[in-house]
Amino acid sequence: MGVIVESDRVSAVLIGAFNPSIFHPSWLALNDLISSESLDAAELQVSHPDLSRFDANFMSFEVQKSRVIIGCEADKDGLVFDMVRSIFGELLTHSPVWRIGINRSFEILCGTEEKRNELGKRMAPQSAWGKWGEEIASAQGTKHGGMQRLTMRQIPRHDGREGHFQADLRPGSSSQDLIRLDFNSDLVAGKEESVEGALKATNLIEECWQLDLAKAKEVSNEIVEIIEGL
Amino acid sequence: MVSSSAALQDEGIYLENPYRASPITDTDTVPNDDIQQGNLPLNFLIEKQLHFPASFFGKANPFHPQSSWEGIVTSVENGTIRARLHSRDIANDDHIDEVEIDIHQVNTGDRDLVVEGALFYLSTGKISIKGGIPQPSVSIVFRRQPNWTKRDVERRDSISAELLEILHGVD
Numbered sequence: 001m002g003v004i005v006e007s008d009r010v011s012a013v014l015i016g017a018f019n020p021s022i023f024h025p026s027w028l029a030l031n032d033l034i035s036s037e038s039l040d041a042a043e044l045q046v047s048h049p050d051l052s053r054f055d056a057n058f059m060s061f062e063v064q065k066s067r068v069i070i071g072c073e074a075d076k077d078g079l080v081f082d083m084v085r086s087i088f089g090e091l092l093t094h095s096p097v098w099r100i101g102i103n104r105s106f107e108i109l110c111g112t113e114e115k116r117n118e119l120g121k122r123m124a125p126q127s128a129w130g131k132w133g134e135e136i137a138s139a140q141g142t143k144h145g146g147m148q149r150l151t152m153r154q155i156p157r158h159d160g161r162e163g164h165f166q167a168d169l170r171p172g173s174s175s176q177d178l179i180r181l182d183f184n185s186d187l188v189a190g191k192e193e194s195v196e197g198a199l200k201a202t203n204l205i206e207e208c209w210q211l212d213l214a215k216a217k218e219v220s221n222e223i224v225e226i227i228e229g230l
Numbered sequence: 001m002v003s004s005s006a007a008l009q010d011e012g013i014y015l016e017n018p019y020r021a022s023p024i025t026d027t028d029t030v031p032n033d034d035i036q037q038g039n040l041p042l043n044f045l046i047e048k049q050l051h052f053p054a055s056f057f058g059k060a061n062p063f064h065p066q067s068s069w070e071g072i073v074t075s076v077e078n079g080t081i082r083a084r085l086h087s088r089d090i091a092n093d094d095h096i097d098e099v100e101i102d103i104h105q106v107n108t109g110d111r112d113l114v115v116e117g118a119l120f121y122l123s124t125g126k127i128s129i130k131g132g133i134p135q136p137s138v139s140i141v142f143r144r145q146p147n148w149t150k151r152d153v154e155r156r157d158s159i160s161a162e163l164l165e166i167l168h169g170v171d
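First to last, the sequence lines map onto chains A and B. Heads up: the first sequence is residues 1 to 230, going by the UniProt record's numbering. Heads up: the second sequence is residues 1 to 171, going by the UniProt record's numbering.
Derived from the structure by calculation, the hints contain no laboratory data. Just so you know, these numbers come straight off a predicted model, no measurement behind them. For each residue, glycine too, the CB sits at the ideal point set by N, CA and C. Please note that the accuracy of each hint is not assured.
[Said to hold, decoys possible] Pairwise CB distance ranges, derived in the manner of DEER restraints:
#: 1; chain 1: B; residue 1: 119; chain 2: A; residue 2: 175; range: 34 to 40 Å
#: 2; chain 1: B; residue 1: 167; chain 2: A; residue 2: 30; range: 43 to 49 Å
#: 3; chain 1: B; residue 1: 128; chain 2: A; residue 2: 214; range: 26 to 32 Å
#: 4; chain 1: A; residue 1: 5; chain 2: B; residue 2: 86; range: 18 to 24 Å
#: 5; chain 1: B; residue 1: 134; chain 2: A; residue 2: 175; range: 15 to 21 Å
#: 6; chain 1: A; residue 1: 46; chain 2: B; residue 2: 119; range: 30 to 36 Å
#: 7; chain 1: A; residue 1: 91; chain 2: B; residue 2: 108; range: 23 to 29 Å
Assemble the whole structure, with the sequences as input and the hints as a guide.
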């Protein structure tokens, strides 16, 4: 079996001070950010002063007092890009946002469990752990240990901006050959105590969105190539 | 071209019982497995795959895209949208497809967005219908881009000024 990219999602995360109560499908429709049809189809999960969570127009929304997450499938990433710019560049420009994340998550089927195991050994060689690594490697049977989570971080960022670019690799649970690969482009828009509004954050989104998502794709392609070569 | 599916959609058949009407019978000669990018012309895919209203997609009936394109509307005339599409697959990044899409394929709530220059996403894939077999489907979603702000205008002017300086420098 070949390698299959099972899922590819993107999200924008804004860290700041927000009011979850106003984030509701009706509010989006009222401001012409989704159509009335999409409003009718929206799936509201939680609407509470501390948390709002719903799906609308192919996007998922989660808003807490200190965090906003808007995500969708990567093939429609412009929907999230437009939504963030509309909400924080036009409607809630005074909401303080001091940090943002541009994220992309892949679920990749390696083809076989053996290939997944090999990838784990390649990324985190058990021999590097000395005698304990030998014990882990010598396990017999279907149950065995190995790499559970690997985080690789780039600082300074590829574009020199304040923040970091990071990849997180771990095995998935729904299938024996599944891995999850999560990329996080972390960007600093200001200091919590002094940031004014969301202007810097929306500027960063505009400048970095496409490049950072493309970089995540580029790195994921290399991981796929590694798996194919195992 | 999609009049039959559009009419069915307007009648709400898909919403009530999407797998009852079997409106894809006119493509019986095309096995579902062959409906994927590369095997068939894109226009054919758009015409022949089922179009479900946006309200149909969701957790109950998840859509699994197989091929995706980003499009720009080049003209709208007599209910026909002409557009240029480029694949979102990096391997086919330079390839541009010219397509025609019946405006009835666009959800009614998005039709006011259909103007020359509008950007949209088109995906072909399969929709998993609860209690039914997965159906080949097409999803068309128009982008709702924010209006230009004063800041955008200032940035445009700044970039234009820089370009002008470069051009004058060439002289």
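Among all the numbered hints in the text so far, which are the ones the structure does not match? none
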